[in-house]
Amino acid sequence: MADGTDGDRHDKGEKNARAGPHGIAEYEHAINEEGRLIGFSCQCGFKTLTHVLRCPVCGGSGLKEITLATRGKIISFSVANVPSDLFSKDAPFGYVIVEMDDGSRVSGWMPGVKSPGEIKVGDQVCWKPSYRHGLVIEKEVQQ
Amino acid sequence: MEDVWVAGAAMNRFGKMKESGREAAARVSLMAIEMAGLSPRDIGYTFISNTLGIVERQAHLGPITNTALGIPEVPSMTVESACSSSSAALHEAYVHIAGGFIDAALVVGVEKLSNLDTVSATSYFAMGTDYAFESKNGATFPSLYATMAVAHMEKYGTKAEELGSIAVKNHANAALNPNAHMQKPITMETYLQSPFVSWPLRLYDCCPFSDGAAAAVVVNPRKFKGMLGADPAAIKASARAGSAAALHDRSDLTTIPSSRLAAEKALKQAKIERSQVDFLEVHDCFTIAEVLALEDMGFFPRGKAARRSFEGETSLGGKLPVNPSGGLKAKGHPVAATGIAQVVEVMEQFNGRSGKREIKGATTALTHNVGATGGSCSVHIFQRV
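Those protein sequence lines, which keep their order, are chains A and B. Last residue of the first sequence: number 143 in our numbering, and the count goes up by one each step with no gaps. Last residue of the second sequence: number 528 in our numbering, and the count goes up by one each step with no gaps.
The set of hints was computed from the structure by calculation and includes no laboratory data. The beta carbon of each residue, even a glycine, is placed where N, CA and C say it ideally should be. Some clues are possibly wrong.
[Claimed, not checked] To give an idea of the chain A side of the interface with chain B (calculated C-beta under 10 Å), a few residues:
#: 1; residue: 50
#: 2; residue: 51
#: 3; residue: 79
#: 4; residue: 97
#: 5; residue: 115
#: 6; residue: 136
Taking the hints into account, I'd like the entire structure generated from these sequences.
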């Protein structure tokens with residue numbers, strides 16, 4: 001599309017139709033096929049994996065396409081007992097907002113977390129490429 | 144700018160509707176038009192909200208409603224802003240009338256989804272999130288608001304009993320509102336024993352899935368002198384604002400920026416102080432949302448709203464009654480009907496039709512309606528005329 005958005009294209013990451021920065025299909029391809037978490041960074045310091053064409057914090061146009069850090073800490077969380085249909089076979093699970101080591105934040109889920117005592121704000125976690133859907137976040141095992 | 148009044152507002156009993164959304168929308172619309180003292184032919188534009196109309200396989204509800212009202216030639220549009228849809232529609236009506244483009248508008252919100260099971264309803268609601276980056280990673284609305292609750296608890300020490308006091312209060316208010324979905328008061332014990340939907344939010348922290356419809360007739364009073372029904376109220380402010388859609392793109396989870404921005408704009412527009420507001424109808428889809436609303440709009444200091452609610456300040460008879468209708472929490476939350484249902488409560492309070500939940504002498508009220516986790520927000524201020 002002329003405005004650089006990807007419209008409703010679902011081409012699994014093929015680059016021939018794209019003008020401008022990567023779209024959601026490329027993001028999903030990077031997660032599922034390349035083991036990379038890709039997003040954008042702005043000169044103001046804001047980083048995100050959300051599909052944006054301008055910075056949502058400062059409005060800046062100088063966004064760079066980056067590979068995000070995959071380790072970070074839990075900013076907030078919940079334990080979901082009533083899922084949506086996408087996760088109907090997965091509940092209960094942890095739902096987390098994670099601040100990565102590079103300052104970016106992502107939303108993800110922690111399979112197997114069944115009660116709030118198992119995780120807490122500040123816990124070190126990482127994104128692990130997975131055969132499962134969505135961004136699977138795991139606890140970092142202390143060496 | 145022209146003055147803008149609400150001339151009539153009506154809703155049905157929230158809960159489980161037997162009839163379809165289109166039938167309910169037409170019925171409450173006619174009730175509101177008749178309360179306003181007008182006829183459908185006075186309507187210059189219909190703004191309609193039906194966020195999850197796809198559940199009923201019906202879009203484009205405007206012409207269907209206008210046809211049912213005998214005014215098929217009147218223009219209409221659907222306004223979607225998630226849970227703040229019909230307050231967004233009210234804002235559009237306000238803009239059209241204040242700008243002199245039309246003299247009267249019908250604003251309708253309707254939702255019917257009680258035929259869905261919990262997982263399906265949760266899934267349809269989740270379409271209001273940033274689907275690709277939140278719901279695909281496990282988000283539901285209870286989980287998103289749960290992360291805000293946890294952040295608030297971590298930062299301010301907010302306690303379960305404090306959130307529970309909001310549930311108890313709103314259920315008590317709803318028990319006095321014959322149109323409320325939930326008609327029974329609950330105790331703190333009932334609240335604390337209810338199961339977790341998304342920890343730390345319990346079942347009784349969450350609003351129910353409700354069907355319902357609400358309509359308001361909005362007019363330029365100059366054009367209808369001597370024609371209006373007994374109960375008009377002036378819209379002193381109609382303001383909206385937005386926030387980053389996904390929670391992970393916000394720097395602070397203990398605040399909803401659009402609530403603060405919309406409230407600041409509205410108070411400035413109405414030229415009133417917070418102390419002049421007699422009561423509030425705020426967006427309490429979850430108990431924590433009521434806390435955030437009161438703090439973001441500046442009615443309580445940060446970190447204090449839950450405690451002050453626990454102490455009774457926001458109860459009927461308290462210093463600042465909040466959600467006398469029972470709120471989304473207990474009156475029910477038929478998504479697109481909620482914004483106008485808040486206006487119905489304002490009209491009932493102003494005109495002696497609120498029975499035992501009446502706030503005596505109330506002349507100024509504020510309504511606050513959030514879309515999703517605050518990606519959108521409407522604030523309206525009303526005064527008796």
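Which earlier hints can't be squared with this structure?
Hints that this structure does not satisfy do not exist here, as all of them hold.
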